[in-house]
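Student: What follows is the residue order along each chain.
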Amino acid sequence: MTGTRFVGTKFPRPEAPDKVSGRALYIHDVVRPGMLHGAIKHSAHAHARILRIDTSRAEALPGVEAVITGFDTPELRVGFLRENRALKRDKVRNQRDEIAAVAARDPETARRALELIEVEYEVLPAVFDPVEAMREGAPRIHEVDGRGRPTRDNRVPMECRHHSGDLEAAKERSAFRVAGDYEVPWIQQSCMGTAGCIAEFDANGDLTVWAKTQIPFLAQRDFNRALEEMGLEGRNTRVIVTTLGGGFGTGLDTHCYEYIAILLAHRTGRPVKVLMDREEEFRYLSPRQSARVHIEQGCDEEGRLTYREVRVLQDNGAYASWGATFPTVMLLPVTSLYKVPVVHFDAEIVYTNNTYAQAMRGYGNPEVTMAIESNLDELALAAGIDRLEIRRINCNEPGEVTPMGARVGSCGLRACIEACAEKLDWRAKPGRNGRLRGVGMASMLHVGGSGRIYRSDASGIILKLDDFGNVNVFYGGVEMGQGLHSTIRLAIADSLGVLPEKVRVNPTDTATCPWDVGTHASRGAFMACNAALEAVRKLRARLFAYCVDLFPREVERALRKQRAGGPPPRPEGGAAPDRSSPPSAEADLSFAQGRAPGDFELEKGLVFVKDGPDAPWAKIPLDRILRAIHFREGGDMLTETAFYDPPSELPDWREGRGNMSAAYTYGAQAVELEVDPETGEVEILRFVSAMDIGKVLNPQALDGQVLGGLAQGLGYALYEEVKTEEGAILNPNFTDYKLPTAHEMAFPVDLVYVETDEPTGPFGAKGAGEPGLVPTAPAIANALRDALGVSLRTLPMTPERILRALDPSAS
Amino acid sequence: MKARLRFRLNGKVVETEVETHWRLLDLLRDGLGLTGTKEGCGAGECGACTVLCDGEAVNACLMLALEAEDREIRTVEGLVGPGGRLSAVQRAFVEEGGAQCGFCSPGMVMSAQALLLEDPDPSEERIREALTGNLCRCTGYKQIVAAIRRAASLRRSEAGEGERGEAGGEG
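Residue numbers (our numbering), protein chains in the order written: chain A, 1 to 811; chain B, 1 to 171.
Hint data in this document are derived by calculation from the structure and do not stem from the laboratory. A couple of the hints might just be wrong.
[Said to hold, decoys possible] Label pairs and their calculated CB-CB ranges:
no., chain 1, residue 1, chain 2, residue 2, range
1, B, 30, A, 54, 55 to 65 Å
2, A, 427, B, 124, 39 to 49 Å
3, A, 82, B, 64, 41 to 51 Å
4, A, 512, B, 124, 40 to 50 Å
5, A, 509, B, 43, 28 to 38 Å
6, A, 597, B, 124, 52 to 62 Å
Being a predicted model, the structure only gives us computed values, none of them experimental. No residue lacks a Cβ here, since even glycine has one placed at the ideal position from N, Cα and C.
Bound conformation, chain B alone:
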């Protein structure tokens, strides 16, 4: 059974038909071809499918697509600015080695984005707390935590240059 859905995705209005049983993850990946959002467990345990819903981190595998009605969804693709410029969080992950196999990275990046929207200068403890829903098997998390600290300082220093409007501002 299908139903109509209207929501904002990465800053643009999307109107589409979805299967009523589809998860937001199915709509993003299979319906709209946004495969940056990953399925690691399908049960809300690993966080690989983390996206922003009205600026807050949610698991796209635990949310029905229809629940996105009238909401603002942002995926990892939506953090990339014009000309393919990576966001501060993405650049920091690249520079600090926060991505190894990279399968958890989109979810990690989105959790970090949500955290920095809420707290532009989080403590290490706060960062670790924000990441407890995101599993990584490669890094031991240290370089991810370092990336998020760097992202925080990048974002602060770029705040004056309009960087925050890039994606996170609308989050």
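Excised from the complex, chain A in its bound form:
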């Protein structure tokens, strides 16, 4: 393998020109011939029995092609616990429940038809609080589970806990103990491109879905199961991923709207697009999971952590999507952030009549890191130890095995903490103009070598070399703006020995790409590049094996051509031909004869013998060699595949044990801020992010991931919250739901990368997609405590909450 020439350097994304000129096609822009537009009618109540649905007036509306309900379509089960249905029949369990759908010639007609559908309900008592939902006699959300067995209460049958060590003894041993209760809200992923899909059947009954998804292959499995439920056994789904207008976790599950598009397409025999507008996305797409976290931590006289006890309560809402599995990711920071010998972690997940949640960047980690890191500051204060010092004392180290069995390879947490302290100048500072100033810091730990939550955590890749020297890449993971394709390009260019422009990553399509579990858990670059490196090794071996015979002939030809006055070989990428050393008439070609495959090298698209003459005629362009391999009797073309499954374990969730990732990413963030005591407004003065990402693969994409994560963390900390009342969403728009703008992000940010060279990582790199937002909220909460002298334990930390914390007697 050649040294890194492109990895680690700033390179623009290959898809960026199409995006900035309006040529990239998002689901909004894709049109199929004869396509209809679908619209979905949602419940008017949080909990009610459906008595009657009358669709006759909607069906009579000109332009309407089909109206469907759960009563006249096959029952399609949705969700990993299979207790959700694409169209509800017996009852509705929250205000986003789908009860009917229309396909019409245009979106306006479809929406008008929805208003003509009459539904009669019998309203049932509802419950909107998980504590109340656990009480005896609370309204039961599901009378039976996904398998039809009677339920005993409203608890979601999901077990995830970890108990290691003697908790009571550890408490007794502790010199200092601090407890706290934290609450984090539902927030909206708020992709700028809203959700949607197109479903289309061909004449064989096979289905194609153009999807806004991060899991094309799991979606294929889900949709194939739907086809079975529709009586179309043996039929197949092809999932084509359009350009994604953001992902952030929204595409990790399949959604009712997708199944409804499939039902409408099947009913009408025409392609059907279902596209959410912004208000619908706020109301009907699953937000980030909310949580209440009780935490207690203790330390000895010297500040060494003695135990950590965490109890999580999640309002699951009406159905189980991936929000219900957040505790499986919380497990990692709870058991493994800092050295802590005794850990008790329990989680309770409870059905209510609220909206239900799914994944968002960080997936449980920010929720619980808020509690861990904020509570740690309070413990430091109680113990009279500097907040920085307590983090140094308990810092994770390489080679450590944590209570859950996470085997720490590379770990640069200490360097991250030090970098934050140094860049922020960790001293108390006076405020200005009557404002209060403070500094705060928080650390984080996240899976950095993918996260095994399915039995297979693999990624396949196909590299196909063509007659023009292009490397056509087929990868099943999803580019959603994070820079995955750009990173794949750099990694292949370097490892194979071609220019990045020659590496062409194809659109993700289940019909052409090998299987991939999905783009989540910060795994894209780690997995794709590891798979690519393996395929590249195979490609180079085959290429160089062919060179033993073909290379001498090609060199002779090149030499002959040049002597005849032809141009010397042109290096790839259009650089000027090298005329510096014209071949002498007596050039000795014996250097090329009788070589072993290992004697050849490929660099920047030129094949040569490692110790051969440094002359242009002795370097043959890759495309020439490839054509020589192809265009002859018994010819061949070079295509290689690799299927990479990382060295990790599927944890036993009931025990909370297992080395779930091949590597772990560490980091810390620190912030300096000011608060206006009159208004409660927070002004961020500066921010430091230091991350141990193993190795910087793609600096431009990495900066973008960290800065974008930080902006989401800022929103989580200070602004964002999906507000509900009796299960209804109160702020379904960007006026009432506040995202950070360029104005809020005006503060300077120092980005520090600690390179620890992870042994399992491609080029030494670890995953970096999610960590940017994980420690942001607790860093800000800790700075606010430093400034105000009070703890804020509920997100978002709005001016109202800050003023209330400063003066609890004020209303």
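With the hints as your guide, set chain B onto chain A.
Tutor: Same frame as chain A, but now just chain B:
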């Protein structure tokens, strides 16, 4: 109900029939197939549909198509020069990583274009002010601000080469 509309779009006269209730966004995307202009909210909150109307940034979701009568509309497609050459603003977004998922990018690019038409050398504060109507969920805005600063200097250095006539001049 339909009505006739005549306006200039990306430098060319367009005469067409439009539904009277159509927004400019509907005409561009559904009527004329210019899908570069994106709908992110339909309420003037996110700026993904920003286009230039007589050189000023407007939300195409808040403007009726008929209001474009006799006006000069420029969309993100209209910044691309002959042979597909990207404008200075577009190139700067590519080079600085100003586009991630890219859904907000057309609107960001058009807001930047409007700003640079008005102020060829804007301060960072001015840039941020010009972007407050454009939401981005991916970038944290830093690389977008860097792109616009770069675009400003690209445009200044290319001014002598006729670059400004490319699109922005007519804006």
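Student: None of the hints should be skipped; say for each whether it holds.
Tutor: Now the hints, each set against the structure:
1. Against the hinted window of 55 to 65 Å, the Cβ-Cβ separation of residue 30 of chain B and residue 54 of chain A comes to about 32 Å, which falls outside the hint.
2. Separated by about 27 Å at the C-beta atoms, residue 427 of chain A and residue 124 of chain B break the suggested range of 39 to 49 Å.
3. Checking the proposed 41 to 51 Å range against residue 82 of chain A and residue 64 of chain B shows it holds: the Cβ atoms sit about 47 Å from each other.
4. At roughly 44 Å, the beta carbons of residue 512 of chain A and residue 124 of chain B sit within the given window of 40 to 50 Å.
5. Distance hint for residue 509 of chain A and residue 43 of chain B: a CB-CB separation of about 34 Å, consistent with the stated range 28 to 38 Å.
6. Remark: the range hint 52 to 62 Å for residue 597 of chain A to residue 124 of chain B is upheld by a beta-carbon distance near 55 Å.
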